[in-house]
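2 protein chains.
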Amino acid sequence: MKGTILLVGLGPGDPTGLTGLAREALERADVLGGYDGYLDLVRPLFPDKETFSTPMRGELERCRTALALAAEGRTVALVCSGDAGVYGMAAPLLELAGETPEADIQVIPGVTAALSGAALLGAPLGHDFCVVSLSDLLTPWEVIVRRLRSAVLGDFVLCLYNPASHKRRDHLRRACNILLEAGRAPETPCGWARNIGREGQDQGVLSLEELRSFPADMFTTVFVGSSATRRLGERLLTPRGYRT
Amino acid sequence: MKGTILLVGLGPGDPTGLTGLAREALERADVLGGYDGYLDLVRPLFPDKETFSTPMRGELERCRTALALAAEGRTVALVCSGDAGVYGMAAPLLELAGETPEADIQVIPGVTAALSGAALLGAPLGHDFCVVSLSDLLTPWEVIVRRLRSAVLGDFVLCLYNPASHKRRDHLRRACNILLEAGRAPETPCGWARNIGREGQDQGVLSLEELRSFPADMFTTVFVGSSATRRLGERLLTPRGYRT
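Note that the protein sequences, when read in sequence, are chains A and B.
For the first sequence, the working numbering begins at 1 and goes up steadily by one.
For the second sequence, the working numbering begins at 1 and goes up steadily by one.
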């Protein structure tokens, strides 16, 4: 019997960020798998479910375990923070499963940090935007630089994931410098959101120049405005142009 | 007494796409407002709530009504399809409300079509991506062209909103031509998703060359792969590079 793998985006953190479909998928699963920090978010909802976890960066191992369990006919939910498809487990799982997967694979979308962070800040993503990860663990830094420069050329709002980690403390500053060199104005309204939907949730608005020295961590999502983005008190908005 | 305006993203359509927070916000509201087609999605959940609606493109009128109700001390939920911040009501409402709004305004994020469409197609947004609307109702076409070209330069995956309407039947073809001229390969894997989370939901995978003549409508979301995007049967995936 063919098993099932459900790739479930949990949203920002708190179980109130789950969609109805995501909750149903978790209920339906025999086994819940994922990074321990994410599993902890849903364990209280399903204390009796079987679980398996792997440490951060154990993505491929996690996918292989899920595929092996599905090959036994079981229904496995692989949980991801935010959305399962945006820098999540959906791509590596589908890649490993190949063109004719031996499991029924379904992706259940969730609210990714670009959306939950933007909501805390107002409406920075009110018009066209780019999402760029500053992690160079799996992407050459030159590719990231090219994307940042292109985003400025296109006057996109930018949402930056993984702005920093223990090993990459200066990535956000380097990214800001590239954006400034490419012509984005130092006074461009920017924002950050941290621990979205979790304990210690916080957010703030600042200029691109100020963002250069902002102490982002791996739980921070950063927003850089386009030429149309405006600051309204402690909020950001990028109009679609209703007034023009 | 200061009232409250809750900008609520409903997700793709069906009430199972609502997050817990969105559902709580709708419960909490005295009045539900929005475009009729979106209100219809939640009316069955709250048949006794007061509602107000305006036709498509009545966004500013809707915002003014919400602000007027909040000025009376009421709690208003303005509902949006997908996410309230992505081409939604959050930006015009915040703009109208100004720097010191007379209402407590909160944005409740939802699953936007980029995420729900991507989930149907596998994992096209597994790496950096841009979201671009092809509607030139409020944006000059030259700005759209510049964004499409920049997205190619940055080798971004593209998610296209509003690929067509009754008055803009050829926008998707024109956008494809621009992407091809800018250097994106004709065989680039692309995809589309239609009526996501609603009756008639459908999706498909095709090449950029084929996308030129795809009959998109206003309920379609389109995905154009980057140079790394691959087709796996009827699915798309953009790897983060776990194997490289």
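No lab work stands behind these hints, which were simulated from the structure alone.
Everything numeric in this text was worked out from a predicted model, so none of it was measured.
The reader is advised that the hints may include incorrect statements.
[Stated by the list, open to error] Covered by chain B, per the in silico footprint, the following chain A stretches (three or more residues, Cβ under 8 Å):
{"#": "1", "stretch": "28-42"}
{"#": "2", "stretch": "74-86"}
{"#": "3", "stretch": "95-101"}
{"#": "4", "stretch": "150-162"}
{"#": "5", "stretch": "167-181"}
[Unchecked claim] So, partial list: chain B residues that the calculated Cβ filter (under 7 Å) puts toward chain A:
{"#": "6", "residue": "A68"}
{"#": "7", "residue": "D104"}
{"#": "8", "residue": "V107"}
{"#": "9", "residue": "S116"}
{"#": "10", "residue": "G122"}
{"#": "11", "residue": "A123"}
{"#": "12", "residue": "L125"}
{"#": "13", "residue": "F129"}
{"#": "14", "residue": "V145"}
{"#": "15", "residue": "R146"}
{"#": "16", "residue": "G154"}
{"#": "17", "residue": "L206"}
{"#": "18", "residue": "S207"}
{"#": "19", "residue": "L208"}
{"#": "20", "residue": "R212"}
[Said to hold, decoys possible] Below, in silico cross-link-like pairs of lysine to aspartate or glutamate (DMTMM-like), each with a Cα-Cα straight-line distance of 20 Å or less:
{"#": "21", "chain 1": "B", "residue 1": "K49", "chain 2": "B", "residue 2": "E27"}
{"#": "22", "chain 1": "B", "residue 1": "K167", "chain 2": "B", "residue 2": "E234"}
{"#": "23", "chain 1": "A", "residue 1": "K49", "chain 2": "A", "residue 2": "D30"}
{"#": "24", "chain 1": "A", "residue 1": "K2", "chain 2": "B", "residue 2": "D217"}
{"#": "25", "chain 1": "B", "residue 1": "K2", "chain 2": "A", "residue 2": "D30"}
{"#": "26", "chain 1": "B", "residue 1": "K167", "chain 2": "B", "residue 2": "E187"}
Every residue, glycine too, gets a C-beta built ideally from N, C-alpha and C.
Hints, verified against the model:
no.: 1; hint: 28-42; verdict: violated (count 0)
no.: 2; hint: 74-86; verdict: holds (count 4)
no.: 3; hint: 95-101; verdict: holds (count 4)
no.: 4; hint: 150-162; verdict: holds (count 6)
no.: 5; hint: 167-181; verdict: violated (count 0)
no.: 6; hint: A68; verdict: violated, 18 Å
no.: 7; hint: D104; verdict: violated, 12 Å
no.: 8; hint: V107; verdict: holds, 4 Å
no.: 9; hint: S116; verdict: holds, 5 Å
no.: 10; hint: G122; verdict: holds, 5 Å
no.: 11; hint: A123; verdict: holds, 4 Å
no.: 12; hint: L125; verdict: holds, 5 Å
no.: 13; hint: F129; verdict: holds, 6 Å
no.: 14; hint: V145; verdict: violated, 10 Å
no.: 15; hint: R146; verdict: holds, 6 Å
no.: 16; hint: G154; verdict: holds, 3 Å
no.: 17; hint: L206; verdict: violated, 17 Å
no.: 18; hint: S207; verdict: violated, 17 Å
no.: 19; hint: L208; verdict: violated, 18 Å
no.: 20; hint: R212; verdict: violated, 21 Å
no.: 21; hint: K49(B) / E27(B); verdict: holds, 9 Å
no.: 22; hint: K167(B) / E234(B); verdict: violated, 31 Å
no.: 23; hint: K49(A) / D30(A); verdict: holds, 7 Å
no.: 24; hint: K2(A) / D217(B); verdict: violated, 36 Å
no.: 25; hint: K2(B) / D30(A); verdict: violated, 48 Å
no.: 26; hint: K167(B) / E187(B); verdict: violated, 29 Å
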